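So the sequences go chain by chain: Y and S. Those letters in the first sequence? Residues 91 to 518, per the working numbering, in order. Those letters in the second sequence? Residues 24 to 490, per the working numbering, in order.
No wet-lab data here; the hints were simulated from the structure. Treat the hints with care, since some could be wrong.
Label pairs and their calculated CB-CB ranges [to be verified]:
(1) S:T337 / Y:P490: 24 to 32 Å
(2) Y:P313 / S:P244: 48 to 56 Å
(3) S:Y412 / Y:P490: 54 to 62 Å
(4) S:I392 / Y:G211: 37 to 45 Å
(5) Y:A498 / S:P454: 26 to 34 Å
(6) S:K126 / Y:P413: 34 to 42 Å
(7) S:Q45 / Y:V183: 47 to 55 Å
(8) Y:R223 / S:N476: 41 to 49 Å
(9) S:A384 / Y:Q406: 55 to 63 Å
(10) Y:R410 / S:L125: 41 to 49 Å
Chain S regions said to be covered by chain Y (calculated; three or more residues, Cβ under 8 Å) [claimed, not checked]:
(11) 154-160
(12) 168-180
(13) 262-268
(14) 366-376
(15) 400-410
(16) 464-477
Covered stretches of chain S, as calculated for chain Y (at least 3 residues, CB under 8 Å) [claimed, not checked]:
(17) 76-85
(18) 186-200
(19) 208-221
(20) 450-460
What you are looking at is a predicted structure, and each value in this text was computed from that prediction instead of being measured. Built from N, CA and C at the ideal position, the CB exists for glycine as well.
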Amino acid sequence: MAVSADLREALAELVGPENVLTGPETLLYAVDGIAPRAVVLPETREQVRELVRFARSRRLGIVPFGGGTKLGFGNPPAAYDLALATRRLSRVVDYSPADLTVVVEAGLTFGRLADLLRREGQFLPLDPAAPDRATVGGIVAAGLGGLRRAFYGPPRDWVLGVRAVSGEGELIQGGGRTVKNVSGYDLCRLFTGSWGSLGIIVEVCFKVFPAPPKSVLAVLGLPPSADLFGPGLQLWREVPYPAAILGLDPASAADLLGAAAGPGGALLVLFSGAAADIEFQLGRTRAVAGDHAARFGAVADGELAGLWGQLCDHPQSVGRDLPVWVRISVPPAGAGAFGPDLTRGRFLADIPGGVINLYTDSADPAFLAELRRRARAAGGSLALGRAPADLKGRIPAWDPLPAPELMARVKGALDPDGILSPGRLLTA
Amino acid sequence: MTQQPHRQEAILRAFRAAGIRQVLTDPVERAVFAKDACPLDQAMPAFVVVAESAADVVAAVRVCHRFGLPFTPRGAGTCISGGAVPVAGGVVISLAKLNRVLKVDLENRCAWVEPGLVNLHLSEHVRPYGFHYAPDPSSYMVSTIGGNVAENAGGPHCLAYGVTVNHVLGLELVLPTGEVVTLGGKAAEYPGFDLRGLVVGSEGTLGIVTKVLVRLTPNPPELRTLLISFRSLADAAAAVSAIIAAGVVPVALEMMDRPCLQVIEEYVRAGYPADAEAVLIVEVDGLPGKVAAEAEQVAAIARAHNAAEVRLATDPEQRARLWFGRRAAFGAIAKLKPNYYLHDFVVPRTRLVEVLTRIRAICEGHGFIPLNVFHAGDGNLHPLIVYDYAEPGAYERALKAGEEITRVCIAAGGTLSGEHGIGIEKRDLMPLVFGPEDLRAMRRLKGAFDPQNLANPDKLLPREVAP
Chain Y
91 MAVSADLREA LAELVGPENV LTGPETLLYA VDGIAPRAVV LPETREQVRE
141 LVRFARSRRL GIVPFGGGTK LGFGNPPAAY DLALATRRLS RVVDYSPADL
191 TVVVEAGLTF GRLADLLRRE GQFLPLDPAA PDRATVGGIV AAGLGGLRRA
241 FYGPPRDWVL GVRAVSGEGE LIQGGGRTVK NVSGYDLCRL FTGSWGSLGI
291 IVEVCFKVFP APPKSVLAVL GLPPSADLFG PGLQLWREVP YPAAILGLDP
341 ASAADLLGAA AGPGGALLVL FSGAAADIEF QLGRTRAVAG DHAARFGAVA
391 DGELAGLWGQ LCDHPQSVGR DLPVWVRISV PPAGAGAFGP DLTRGRFLAD
441 IPGGVINLYT DSADPAFLAE LRRRARAAGG SLALGRAPAD LKGRIPAWDP
491 LPAPELMARV KGALDPDGIL SPGRLLTA
Chain S
24 MTQQPHRQEA ILRAFRAAGI RQVLTDPVER AVFAKDACPL DQAMPAFVVV
74 AESAADVVAA VRVCHRFGLP FTPRGAGTCI SGGAVPVAGG VVISLAKLNR
124 VLKVDLENRC AWVEPGLVNL HLSEHVRPYG FHYAPDPSSY MVSTIGGNVA
174 ENAGGPHCLA YGVTVNHVLG LELVLPTGEV VTLGGKAAEY PGFDLRGLVV
224 GSEGTLGIVT KVLVRLTPNP PELRTLLISF RSLADAAAAV SAIIAAGVVP
274 VALEMMDRPC LQVIEEYVRA GYPADAEAVL IVEVDGLPGK VAAEAEQVAA
324 IARAHNAAEV RLATDPEQRA RLWFGRRAAF GAIAKLKPNY YLHDFVVPRT
374 RLVEVLTRIR AICEGHGFIP LNVFHAGDGN LHPLIVYDYA EPGAYERALK
424 AGEEITRVCI AAGGTLSGEH GIGIEKRDLM PLVFGPEDLR AMRRLKGAFD
474 PQNLANPDKL LPREVAP
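Excised from the complex, chain S in its bound form:
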């Protein structure tokens, strides 16, 4: 007991001696970093290092390595799977102040940026040059590029453009041992394994990314957004499958169901048809000929699937209005009940109707009405259960329903997470999709990067797997 304060002081001194100016030790300040957007868990870190430079990150990791302290990197803390929840008594390394665009290279269509840069700020920065950064998770107004890299974030426009890993060309990584490596770069091919691709989506468990080389995508010359309403969920889901099967790959293909639409209309008045059972937002982009043909094809398929209404946004203002409700969905839902549990699964697109029907039945069996707002084109479901933590048993029922939904999605050939990550939330469910040999390989890879198991431990992999 007498050694503990002595050790804490020694650690603090080491941080300061390494040149780190901002180390938070005050319990009130640290408490802010105890959780992220995941409702399941929280833990109090002993220290929070607010990095002001990449050198601070390296220094902080080296101190952690020396003292055998677990550390957790943190961007905006919007992770919904618990990826930014620290280990009790460990260290949070905040990257929020590393938020600069370091260098834009338009000739090679890429930019080096810092991990704390907010996703939207990157696109705003390059917009004057006619470019944008394609991955746009729903949290894009607050979430950071570093966090997006850690989770391999997706978003509505990933259907045609791909997820974060398709847009990260290179990165600088501080290994848990304190070594710094650069992986990938502006050229197409480098010798050796694609460790860049392995690090993206590794949830901070392989080290801390201090610089990211992102791909910049030219803005499309033409863009059309359709809002299509249906009187039945089954018709809407069948239309999604038919659009894909017809050979159209829209840039976005989003679905919202009736409970979700009602909430959105009630709270943000996006002008959606609130009496519809389901609404699709479909966006096509490219050259005018392709855009016109695809928009027409989508509308025709929708009508053939009994669409009640097809609205076409023809100018940027209307388009923004159609997206506004979708983007505001989670904020609106928060007004319904104090707590919500947002899920993330991917199923083959052809199984959408069946899986959605079963999700609704499961939720109703537990006394909930699920809200669905999701990336239908990818088969990426986000069933959402709203509940009140103060109501006895509600939280437990929400968890139980979530577990049953998980099993249904896996049984339909789906996977555990499409874009939110495994984190703490789903780590113990990993054996549902991966066998012991797969998990052992993952554990050994973790060991190759992090022999002491300091980088964001107890995330992503189930706890019982032996090294």
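Chain Y with its partners taken away, still in its complex shape:
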């Protein structure tokens, strides 16, 4: 794509020529098959402000770009002039282990943050896919819960403060650095999960926690055509404090667990805490499993770390080679109703979270529309996590927004010219 020398020069003036890409490299930043006219890699938040102000003056559409691991979500951008890559904004601003808080720039990868915390015996239970690429800014902007969401909460419960550059180029602070804060409107919650539509996140303060002393994953191999959801919910009711309860389809279970998997897939139950408690929890789990499972096993230590990483990376491990990722989120007790539909692909379900990640090669919009109708009727929603561009043209990436006029007014309050991720979340 031809880029006017003028645009390139103007951007180079703002961030330095080494931080502007315009050639074929822009293809690496394509969203839904659309490449940006230019990629900018600011090194300071001041540069982010300058870039947004410049873009606003020229009415250029900007999509913030972290590790690019979740950009399959959302509708195709209505205007994609600039990719604003955050990876050169990746400093650790302040880590205070004794306060259980850490402040980092948005482009830091989750993997590097996790390493930093691990050295102090702490952790952040967000479980993103591809942690070596996923950035904290992207994780917060998407706000998606990880596999331990039901126990530890989604990202929004771990974000104490956010700094973001609004569509007017103003640097806005939401929250702060303390674990409790009710000073003014909670802007950090507003930015969390806003998919780059209200501001470009440049800095995040997280609450962190001491890492649990020990974790064990119980593996229940299921007999053919077994229902995962009923037993999964029973485990949730009857076994105290599971850190996660996951359901896995037969093929993925065989891939990831080998002989421990059953012909009907697997239920996985994670426990974290004191060794004596875990023994008790495993005993209770085995008692419940007795009625349902064909096999019972447990995974711990190094083996668990590897397996857990693969589970978190479900868009690649479970969804490998499957072009469509359907994310169904319903009240947990209603997830079982989708069991029969899941034979259309591979899946990983967070049972107490009520979230099903279905991966399929079915590009049938009627099937997806029907799933969406039922998810909405059950009081939930359906989002596309990735899909070929032509499919996205035939079915919206999100459900209709609740309170759409109010959402549009909120967008207008922070991005009056609609230059941030235009059309991705709110379609004009």
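Place chain S on chain Y using the hints.
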């Protein structure tokens, strides 16, 4: 002058025509709604609508919208930052009668409730099923869920369980324009912005919440409460930091200082060691192995920090007794002097000793002895100054001391409020922590919900910021 009574009559007629049965106009009745628990301000509303249904709230807001009348929602009126103080000549919409549990959904661990439901009544309602509602502000025996949502209330057990916003899954909101929207719900993810999270803690300035979907938390299988006394405040505060730093996150970690302990002992006889300089109440919960290990670890850390005594409550009765004094602290303090000014700041936990020492010095400089009873584990301070309004200059000195304490807390990296809200009390201090761009963004968000600025105006944001 002749138009005013005519307008008031027209408004009253509009309320009645909209089907609202209870509109208070009698000055004596209205006076009850002129203030909340904040000592700083009061204002006489022209009307008080006592809503008997969500439909009443919608109708009342629509009338306010039509007449351009400012309105203030009210639960139990226990707000200590002035959030429930109306605008003079405006409308109070009381939600106290909307106090039902609408539907408990144990399978999905949540319940729809009305905003006027008293916090404690919710937990009592679900206790037979083995669940409770986790946020427990000190006012939990009287304050309402709607008020808790408006202020994003905390409480002693928020250290491990989180504050109100972590326990509100969804809500129904009447916008100041009279539109009704439902935000959030029982599923984990919905498309669009997290307006639920924005509305929680917005102090009634974005509309009126008429239904709340709360998360229900299973009761812990095991619970242990420790009462630890220290001969020095510095040792107690250092023990708090050490407990957190050691990787223990108790469900509650509360501190009381000597002046506070003396008052409690004198008036409610909770059995606290009255000669201690500071006392910690530490609670751990969960499975037996974790609870035993953590209780032991906490006790060991306390001894390493020169604890004078470690008491362990082993049964529910003893536990209730340890908490009783803490819960009764504010009532006891009220007997000391007729007035008190209760503050609310959060500082990084590692700065506790330094900040507490400076607070004491500031108060003594103004002739007060501060009482401290607070959520130490969160770094959430509640210095309390008792005074007698009738004593000339005392009120002014209390305000002056409060202002100095505020600056010290902010300078230590803290924030203006941890759980009481900004309200009227701290609105003009907001520029201490937020810059002009932050405040402008907040003002614009307010405008997105409330273009006419009718919903609880003049709260939360400083008055001089232009839209």
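These are the hints, each one checked on the structure:
no., hint, result
1, S:T337 / Y:P490: 24 to 32 Å, "violated, 55 Å"
2, Y:P313 / S:P244: 48 to 56 Å, "violated, 31 Å"
3, S:Y412 / Y:P490: 54 to 62 Å, "holds, 55 Å"
4, S:I392 / Y:G211: 37 to 45 Å, "holds, 40 Å"
5, Y:A498 / S:P454: 26 to 34 Å, "holds, 30 Å"
6, S:K126 / Y:P413: 34 to 42 Å, "holds, 41 Å"
7, S:Q45 / Y:V183: 47 to 55 Å, "holds, 54 Å"
8, Y:R223 / S:N476: 41 to 49 Å, "holds, 45 Å"
9, S:A384 / Y:Q406: 55 to 63 Å, "holds, 59 Å"
10, Y:R410 / S:L125: 41 to 49 Å, "holds, 45 Å"
11, 154-160, "violated (count 0)"
12, 168-180, "holds (count 3)"
13, 262-268, "holds (count 3)"
14, 366-376, "holds (count 5)"
15, 400-410, "holds (count 3)"
16, 464-477, "holds (count 8)"
17, 76-85, "violated (count 0)"
18, 186-200, "holds (count 4)"
19, 208-221, "holds (count 13)"
20, 450-460, "holds (count 5)"
Going down the numbered hints, you'll see the structure goes against 1, 2, 11, 17, while the others check out.
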